[in-house]
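Here the protein sequences line up with chains A and B, keeping their order. Under my numbering, read the first sequence as residues 230 to 337, first letter to last. Under my numbering, read the second sequence as residues 19 to 133, first letter to last.
No wet-lab data here; the hints were simulated from the structure. On a predicted model such as this, the values are computed, not experimentally measured, just so you know. Among the hints, a few may not be true.
Claimed, not checked - Straight-line alpha carbon distances no greater than 20 angstroms define the calculated SDA-like cross-link-like pairs of lysine to any residue that follow: (1) A:Lys-324 to B:Lys-19; (2) B:Lys-19 to B:Gly-46; (3) B:Lys-75 to B:Leu-113; (4) A:Lys-334 to B:Leu-113; (5) A:Lys-334 to A:Arg-297; (6) B:Lys-75 to A:His-265; (7) B:Lys-19 to A:Ser-236; (8) A:Lys-283 to B:Pro-118; (9) B:Lys-75 to B:Lys-19; (10) A:Lys-334 to B:Leu-29; (11) B:Lys-19 to A:Leu-275; (12) A:Lys-334 to A:Lys-283; (13) B:Lys-75 to A:Ile-231; (14) A:Lys-324 to B:Tyr-119; (15) B:Lys-19 to B:Arg-48; (16) A:Lys-334 to A:Ile-231; (17) A:Lys-324 to B:Pro-118.
As the list claims (entries may be wrong) - Coverage of chain B stretches by chain A, computed from C-beta distances (three or more under 8 angstroms per stretch; other residues unrestricted): (18) 57 to 64; (19) 88 to 96; (20) 114 to 124.
Every residue, glycine too, gets a C-beta built ideally from N, C-alpha and C.
Given next are the chains, with one letter for each unit.
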Amino acid sequence: GIQVEQSPPDLILQEGANSTLRCNFSDSVNNLQWFHQNPWGQLINLFYIPSGTKQNGRLSATTVATERYSLLYISSSQTTDSGVYFCAVGFGTYKYIFGTGTRLKVLA
Amino acid sequence: KAGVTQTPRYLIKTRGQQVTLSCSPISGHRSVSWYQQTPGQGLQFLFEYFSETQRNKGNFPGRFSGRQFSNSRSEMNVSTLELGDSALYLCASSLDGLGPYNEQFFGPGTRLTVL
Numbered sequence: 230g231i232q233v234e235q236s237p238p239d240l241i242l243q244e245g246a247n248s249t250l251r252c253n254f255s256d257s258v259n260n261l262q263w264f265h266q267n268p269w270g271q272l273i274n275l276f277y278i279p280s281g282t283k284q285n286g287r288l289s290a291t292t293v294a295t296e297r298y299s300l301l302y303i304s305s306s307q308t309t310d311s312g313v314y315f316c317a318v319g320f321g322t323y324k325y326i327f328g329t330g331t332r333l334k335v336l337a
Numbered sequence: 019k020a021g022v023t024q025t026p027r028y029l030i031k032t033r034g035q036q037v038t039l040s041c042s043p044i045s046g047h048r049s050v051s052w053y054q055q056t057p058g059q060g061l062q063f064l065f066e067y068f069s070e071t072q073r074n075k076g077n078f079p080g081r082f083s084g085r086q087f088s089n090s091r092s093e094m095n096v097s098t099l100e101l102g103d104s105a106l107y108l109c110a111s112s113l114d115g116l117g118p119y120n121e122q123f124f125g126p127g128t129r130l131t132v133l
C-alpha cells in the first residue's frame, strides 16, 4: 500500500534553534499539506504545497514531487512551536493519507 | 468566514451504545471527510462525502457510517461501541474533495471516550 513516512519521529530543540522535518511518500501525489497539531488536538494548516517552495514567517516548506519528498523548515524555534507536525498527501481523486508525525519539543 | 465546527467536543459513552457526531463545513465547501486519531494507529481516513454521496471509505468495520445533508453538514455514527473506539474524531472540509487543488481545513475534533 501507499506509505507516508515522516522523520525524525521525535525532536527536542533549544529555543532559537533551526530544524528540518521530512515527509517521504511512496507514490506520486497531487495534493500535499503540512499541519501542526496543537495540544488540544486541532490541526492547524501550515502549507498547501503539492510542489515548489513556500515561506510564511519563520516557516518554509519545499516539495520535490518527482523525488517523492517534502521538507518543512522551522527557523528560530519558539516554545509555542512545540506539538506534533503532520504531512498529509492526496493520491488520485479520493485517497488522502497522513504521515506518521514528528513530535517536536522546544525547550526554553 | 467561520471555520469547520464539530459537536459535541467531548463525549463519554459505555460499551454497546451508539454515538452520532456532527460536522459543519466551511460555507461553500461541498466535501466533508472524517478521520480517527488514536495513539496506536495515528490519523486514519474513515470516509469522504460530496454532494450527499459517499465517494470513498477507509478500512473500518460497518459499525462506522456517515451521511451528508443537502446543506453539506455531515454526521458520522458509530454503533455498538467498543473500548477501542475511544479516539479523537476529526472532520475536514474542502471545496471539491481530496484531489488536486483542494486544501483541507479541519475542525477542532470530538474526543470520544468509551467506558
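Comparing the hints with the structure gives:
Taking the CA atoms of A:Lys-324 and B:Lys-19, the gap is near 27 angstroms; set against the 20 angstroms cutoff, the hint is violated. Note on B:Lys-19 and B:Gly-46: the hinted pairing holds, with a Cα-Cα distance of about 10 angstroms set against a maximum of 20 angstroms. For the proposed pair B:Lys-75 and B:Leu-113, the alpha carbon gap of about 19 angstroms is at most 20 angstroms, so the pair holds. Among the hinted pairs, A:Lys-334 with B:Leu-113 is inconsistent with the structure: their alpha-carbon atoms are about 34 angstroms apart, more than 20 angstroms.
The hinted pair formed by A:Lys-334 and A:Arg-297 fails the criterion: a straight-line CA distance of about 27 angstroms is larger than 20 angstroms. Restraint check for B:Lys-75 and A:His-265: not satisfied, since their Cα atoms lie roughly 25 angstroms apart, outside the 20 angstroms limit. For the proposed pair B:Lys-19 and A:Ser-236, the alpha carbon gap of about 35 angstroms is over 20 angstroms, so the pair is violated. Distance restraint check for A:Lys-283 and B:Pro-118: the Cα-Cα separation of roughly 18 angstroms lies within the 20 angstroms cut-off, and the hinted pair is therefore satisfied.
For the proposed pair B:Lys-75 and B:Lys-19, the alpha carbon gap of about 29 angstroms is over 20 angstroms, so the pair is violated. Distance restraint check for A:Lys-334 and B:Leu-29: the Cα-Cα separation of roughly 29 angstroms exceeds the 20 angstroms cut-off, and the hinted pair is therefore not satisfied. Restraint check for B:Lys-19 and A:Leu-275: the C-alpha separation of about 18 angstroms stays at or below 20 angstroms, so the hint holds. The hinted pair formed by A:Lys-334 and A:Lys-283 fails the criterion: a straight-line CA distance of about 24 angstroms is larger than 20 angstroms.
For the hint pairing B:Lys-75 with A:Ile-231, the CA-to-CA distance comes to about 15 angstroms; that is within 20 angstroms, so the pair holds. Restraint check for A:Lys-324 and B:Tyr-119: the C-alpha separation of about 14 angstroms stays at or below 20 angstroms, so the hint holds. A threshold of 20 angstroms between alpha carbons decides the hint, and for B:Lys-19 with B:Arg-48 the separation of about 15 angstroms falls inside it, so the pair holds. At roughly 29 angstroms between alpha-carbon atoms, A:Lys-334 and A:Ile-231 are farther apart than 20 angstroms, so this suggested pair is violated.
The suggested pairing of A:Lys-324 with B:Pro-118 holds, with an alpha-carbon distance near 11 angstroms, which does not exceed 20 angstroms. With 4 residues bearing a CB less than 8 angstroms from a CB of chain A, the segment 57 to 64 of chain B meets the requirement of three and the coverage assertion stands. Counting residues of the segment 88 to 96 of chain B whose beta carbon lies closer than 8 angstroms to any beta carbon of chain A gives 0, which falls below the threshold of three, so the coverage claim is violated. Residues of the segment 114 to 124 of chain B with a Cβ under 8 angstroms from some Cβ of chain A number 10, which satisfies the need for three, so the listed coverage holds.
When held up to the earlier numbered hints, the structure conflicts with 1, 4, 5, 6, 7, 9, 10, 12, 16, 19 and fits the remainder.
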